[in-house]
Amino acid sequence: MKKILLLTTLVLYGSITFSQDLLSMLDEQSDPPINYVEGTFKSVRLVNGYSSEVAGKNDLIFSISHRFGPVSGGAYEFYGLDESTIRLGFEYGLNDRISLGIGRSVFDKLFDGFVKIKLLRQKSGGSSFPVSITLMEGMQYKSLRWVRPELDYPETARLSYVHELFIARKFNKWFSAQLVPVIVHRNWVTEKEEQNIVGAVGIGGVFTVNKWLGINAEYYHLLPGHTADNYENSLALGVEIETGGGHVFQIHLSNSTGMTEKNFIPENKGSWLDGDVALGFNLIRVFNLDKKPNKRKRKK
Amino acid sequence: MKKLIVFLSLAIISLNVFSQDLYKVSKADVKFTSDAKLELIEAETTDAQGVVNNDENTFAFRIPMNTFRGFNSSMQRTHFNTNYLETAKYPYTIFEGKIIEDVDFSKPGNYMVRGKGKFTCHGKVQERIIKCKVKSQGGKITITSGFSVFLEDHNIEIPTVVYQKIAEEITVDLTFVLTK
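Chains as they are written, first to last, in this note's numbering: chain H, 3 to 302; chain S, 46 to 225.
These are calculated hints, taken from the structure and not from any lab test.
Being a predicted model, the structure only gives us computed values, none of them experimental.
It is possible that some hints are incorrect.
[What the hints assert, rightly or not] Keeping only pairs whose Cα atoms sit at most 20 Å apart, straight-line, the calculated DMTMM-like set for lysine to aspartate or glutamate is:
#, chain 1, residue 1, chain 2, residue 2
1, S, K176, S, E146
2, S, K178, S, D149
3, S, K69, H, E30
4, S, K143, S, E101
5, S, K152, S, D100
6, S, K72, H, E30
7, S, K72, H, D33
8, H, K213, S, E202
9, S, K72, H, D29
10, S, K161, S, D149
11, S, K225, H, D23
12, S, K134, H, D29
13, H, K175, S, E202
14, S, K134, H, E85
15, S, K163, H, D23
16, S, K134, H, D33
17, S, K210, H, D292
18, S, K69, H, D33
19, S, K161, H, D23
20, S, K69, H, D29
21, H, K59, S, E87
22, H, K213, S, E213
23, H, K125, S, E131
24, S, K176, S, D74
25, H, K213, S, D92
26, H, K59, S, E89
27, H, K213, S, D74
28, H, K125, S, D92
29, S, K225, H, E30
30, S, K69, H, D23
31, S, K143, S, D66
Given only the sequences and the hints, what does the whole structure look like? Please build it.
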């Protein structure tokens with residue numbers, strides 16, 4: 003009996019060692035890989051505002067943003083389509099974490115410039131972190147001539163600043179969201195009661211319909227104060243389509259026609275309830291400026 | 046008696062573990078190429094893990110897919126990870142199986158061998174035979190191989206817009222250095 007027992011044990015152990023899976027051996031010997039979450043958002047822009055994404059290293063992103071007028075303009079304004087305002091922008095990735103941007107808007111003849119820095123990246127696996135955090139520091143210069151130039155405004159009156167933090171999480175392949183604390187600082191406001199410094203909190207998200215199509219929503223809530231009492235919170239809903247070749251098209255409806263934070267956060271007057279909803283789109287094209295030896299694009 | 050059985054069994058386990066003639070990947074270089082009509086895409090990784098059991102002629106190799114670098118832009122890499130290979134869901138490409146030829150790598154020399162087994166990429170398993178050149182220096186073996194992976198075999202879908210920019214057949218070239 004005991005011999006049988008011994009034999010069985012031997013056979014048993016023998017077979018265990020024999021079938022010891024080489025793959026599980028690899029699992030034991032190597033650390034689980036760290037998976038940095040990529041593609042939280044399809045592009046650097048969500049709708050009116052930005053997303054937590056930054057331009058990749060040596061990527062030049064050209065964006066044409068276009069907003070029609072509000073539908074409430076009625077038949078005379080052809081439901082907003084007669085009016086239009088545009089912003090042209092460039093963003094360049096110094097590396098995979100830091101990018102610089104410049105833009106020019108028709109409205110206010112505004113120049114804007116910003117730096118976006120990806121401070122922390124969401125990751126899972128061997129070591130994990132729940133969110134990505136991106137800091138954006140921007141500055142705008144309103145070059146529109148003063149209505150009464152004889153008042154001799156200081157040059158600094160043309161400047162405004164924006165500080166934003168994008169706290170984003172890709173929950174799964176279908177849904178990503180971001181929380182965006184914002185401070186807009188305007189050197190010059192038109193009335194005494196108006197706030198120079200306006201705080202707001204934005205939330206935004208994308209529902210991924212499939213790999214190339216998403217539905218976007220973005221809302222910026224003004225923190226209580228004079229601005230919140232007199233202006234409207236910006237709400238935008240849109241669809242975005244990625245072609246896979248470096249284009250992202252975003253089409254949306256929004257109660258703001260501004261394309262820089264200063265315009266659509268503290269100075270937004272349109273209300274969804276009054277029908278001040280405007281159609282808009284962003285055309286975003288990524289060009290890669292790398293001159294790597296393995297880049298040999300050919301045309302036959 | 047029971048103690049003896051336990052002792053013997055333990056001795057046998059340890060014996061078995063120690064006696065196994067294992068080679069483990071210490072250096073790796075894996076490169077893939079997509080040579081399409083409109084664009085040539087290349088990416089490379091040095092992060093691979095693997096082990097060859099010289100006693101049993103078995104092997105297992107795996108490559109963490111999100112470690113590939115290269116590509117023509119970081120956007121392309123993001124698409125590779127999020128849309129095509131879905132590396133968060135399928136972190137590894139794995140090849141495990143048996144070596145068809147009965148070879149003993151502890152004897153220095155050059156060998157041509159065929160690995161037969163399960164090739165898993167993008168979560169889809171294919172039964173494959175892959176030819177490799179093995180150079181043995183006794184305690185160290187170098188495996189070089191080149192083979193193709195067809196996107197269709199692994200359910201990797203390409204949107205029509207970039208159809209001419211991504212090849213249907215991806216060629217892979219790899220070198221693994223394994224030591225005892």
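Going through the hints against the structure:
no.: 1; hint: K176/S - E146/S; in the structure: holds (11 Å)
no.: 2; hint: K178/S - D149/S; in the structure: holds (14 Å)
no.: 3; hint: K69/S - E30/H; in the structure: holds (13 Å)
no.: 4; hint: K143/S - E101/S; in the structure: holds (8 Å)
no.: 5; hint: K152/S - D100/S; in the structure: holds (13 Å)
no.: 6; hint: K72/S - E30/H; in the structure: holds (18 Å)
no.: 7; hint: K72/S - D33/H; in the structure: holds (16 Å)
no.: 8; hint: K213/H - E202/S; in the structure: holds (10 Å)
no.: 9; hint: K72/S - D29/H; in the structure: holds (17 Å)
no.: 10; hint: K161/S - D149/S; in the structure: holds (17 Å)
no.: 11; hint: K225/S - D23/H; in the structure: holds (18 Å)
no.: 12; hint: K134/S - D29/H; in the structure: holds (17 Å)
no.: 13; hint: K175/H - E202/S; in the structure: holds (16 Å)
no.: 14; hint: K134/S - E85/H; in the structure: violated (46 Å)
no.: 15; hint: K163/S - D23/H; in the structure: holds (13 Å)
no.: 16; hint: K134/S - D33/H; in the structure: holds (17 Å)
no.: 17; hint: K210/S - D292/H; in the structure: holds (18 Å)
no.: 18; hint: K69/S - D33/H; in the structure: holds (15 Å)
no.: 19; hint: K161/S - D23/H; in the structure: holds (16 Å)
no.: 20; hint: K69/S - D29/H; in the structure: holds (13 Å)
no.: 21; hint: K59/H - E87/S; in the structure: holds (17 Å)
no.: 22; hint: K213/H - E213/S; in the structure: holds (19 Å)
no.: 23; hint: K125/H - E131/S; in the structure: holds (15 Å)
no.: 24; hint: K176/S - D74/S; in the structure: holds (17 Å)
no.: 25; hint: K213/H - D92/S; in the structure: violated (27 Å)
no.: 26; hint: K59/H - E89/S; in the structure: holds (17 Å)
no.: 27; hint: K213/H - D74/S; in the structure: violated (30 Å)
no.: 28; hint: K125/H - D92/S; in the structure: holds (18 Å)
no.: 29; hint: K225/S - E30/H; in the structure: holds (17 Å)
no.: 30; hint: K69/S - D23/H; in the structure: holds (14 Å)
no.: 31; hint: K143/S - D66/S; in the structure: holds (15 Å)
Figure legend: structure checked against the earlier numbered hints; hints not met, in rising order: 14, 25, 27.
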